[in-house]
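Asks: For reference, the chains in residue letters:
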Amino acid sequence: MIRLSRMGIGLALLTPVVLMAAPAISGAMERQATNWTAIWMFLVFVAATLGITYWAARRTHSAKDFYTAGGGITGLQNGLAISGDFMSAASFLGISGLVFASGYDGLIYSIGFLVGWPVIMFLIAEQIRNLGKYTFADVSSYRFGQTQIRTMAAVSSLVVVAFYLIAQMVGAGKLIQLLFGLEYWMAVVAVGVLMMVYVIFGGMTATTWVQITKAVLLLSGATFMAVAALAAFDFSPEEMFRQAVETHPNGLSIMAPGSLVTDPINAISLGLALMFGTAGLPHILMRFFTVPDAKEARKSVFYATGFIGYFYVLTFIIGFSAIVLLAQNPDFFNPAALAADGSVIKDQLVSGLNGGTNMVAIRLAEAVGGNLFLGFISAVAFATILAVVAGLTLAGASAISHDLYASVIARGRSNEGTEIRISRIATFCLGLVAIALGIAFESQNVAFMVGLAFAVAASANFPVLVASIFWQKMTTRGALAGGLAGLISAVVLTILSKAVWGDVLGHTAIVDGQEVAVGLIGLNNPAIVSMPLAFFFIWIVSLLDNSERAKQERLAFEAQHVRCETGIGAEGAVEH
Amino acid sequence: MEQSSVDAIKAHPRYRELVQSRRRFALTLTGIVLVIYYGFILTIAFAPSLLGTPVAAGAVTTIGIPIGILIIVSAFLLTGIYVIRANGRFDALTKALQEDLQ
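Respectively, the protein sequence lines represent chains A and B. If you're matching positions, the first sequence starts at 1 in our numbering and goes up one per residue. If you're matching positions, the second sequence starts at 1 in our numbering and goes up one per residue.
Isolated chain A, as found in the complex (with noise of 0.2 Å):
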């Protein structure tokens, strides 16, 4: 965490990085012992997602249902669903675990996270759900050349979903060892099939409601947990802050923001990829089509803006109670950790927890509910895992099936039982490349990939929604060029950066004597140029476009438009 917090900002701002950063900066890890409750807790979350699984299996029929649930999901559980998706693992183990390493810096990565939903809200809920039938490319494409703009939203959404994936399943394996005692390999298939059984057999129903599930199982154990760990202070959140100051190596810093943030190119870089890569991760906008109108579509944003909010608040008292909660119990420390009269030495609380900060809050489970309530918070992590990459696999699936398949290669002549098959076939090679990268990877620093992800999402698949809905002038060549610059731009930016080029690549350099890795360029996220690139080859390039084409496109404005705004002749709308 200390090596982690010199890292600068960068990607290490990003959360989900932190869940895959720390074990590698832990070095070699131990497997714990079998934890047989956790196990057994984990077995009848599985028999119940399985048991949703086969009910939801029998209502998918139709590609609608696949795709989207049949439209027929309410705006509270569309909301918990969106939710659970930005509830992974890495959020509640990396937040809580930031929170108790660094103090405040926890706080300002839950917000940036969080500030993307006003945004998604006010810009574009209503209209892709209006615009939109299966995917974001549906709406990115709506007025323009499908085979263009669909190869090329489908290619960037795979990218995105693909880094997303083989982070997941990397912190997944790691996670699973650490909390289960189960062997990497065997945890990653596990995650593997279980995600292939319920994506093939229950399509988006399945993965929904296995999503709810979990996200109602996260935020009541969160909750239990941080009101167990506010009661250890009396209810005083002053009281629980003073003892936290007294307890940390960093004293009174862990107030305020600290070493994490410095760099205001870097922070506004990073802020920008935060809270608009949100807005452009295909498994999030898919929600939107499990709606059956744009009131559903508001209702949904409303809630998972307030349900992700008041996680953040949670793991912000979880992280922070357990400096001094953890520190009661030098069970939890490495035995070098520990003074001669068996307490915790107090330089020793980041670094000589076993397991690294990713089990702080897998450790203050224990030290508040004891072994039953560590079982279940284990079990709700690694059921957090499975259902946001059920969510990644089949928001990639419909990207090859419906917009590579059915709209690019069947140019619109596939029939929607051969779309559903194309899907399921997807879904499961999908399951088999997830599983086998997840091996693949098991040494690799994967750092940078959850950061790449938000950044390609905000510098591809952003810039062309926004502009396909708002601005006339666009054009499939502008589209095409807008997107294809944020993609390649993003994508090579950070190949350079520090997380690419030094951490995965081995560049180092001598800074005050001491060897770190660096990268080519400054910057450790690459929003701040290729959003802004994107956007301004969208520009340029549409307004040199003369062609016939470009007139009939701008002409078709209107009438996306009109439904946009009014939802007259969206899909699924109430006919009138």
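Bear in mind the hints are in silico, worked out from the structure with no lab data behind them. Be aware that one or more of the hints could be misleading.
Within a straight-line C-alpha distance of at most 27 Å, the following computed BS3-like cross-link-like pairs (lysine-lysine) qualify [stated by the list, open to error]:
(1) Lys10/B - Lys346/A
(2) Lys10/B - Lys473/A
(3) Lys10/B - Lys295/A
(4) Lys133/A - Lys473/A
(5) Lys10/B - Lys133/A
(6) Lys133/A - Lys95/B
(7) Lys551/A - Lys10/B
Everything numeric in this text was worked out from a predicted model, so none of it was measured.
Position chain B against the provided structure of chain A, taking the given hints into account.
Replies: Here is chain B on its own, set in the frame of chain A:
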């Protein structure tokens, strides 16, 4: 949708009212979120110690903590304000427009 019905809707005064008022409202709220968030980020970048000021003399709690929580709450409230306005005024306008067109 037929071009004729697109033209009919576009020319309708209620449609213009709907589009203009919603856009103005959405952009205002987006602006508020951007100001709040980037105000926070720029404070962290340029004046981090400001957030480390204690809430009261002798207190450990810093003003950064209630400010952070307030930003989270404000994101929720702003989406709520949008939902109230959209489910009320904007949906009523859309409904009236659809009835007029029938």
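Asks: Work down the list of hints and note, for each, if the structure agrees.
Replies: Hints, one by one, checked against the model:
no.: 1; hint: Lys10/B - Lys346/A; verdict: violated, 69 Å
no.: 2; hint: Lys10/B - Lys473/A; verdict: holds, 18 Å
no.: 3; hint: Lys10/B - Lys295/A; verdict: holds, 22 Å
no.: 4; hint: Lys133/A - Lys473/A; verdict: holds, 23 Å
no.: 5; hint: Lys10/B - Lys133/A; verdict: holds, 24 Å
no.: 6; hint: Lys133/A - Lys95/B; verdict: holds, 22 Å
no.: 7; hint: Lys551/A - Lys10/B; verdict: holds, 19 Å
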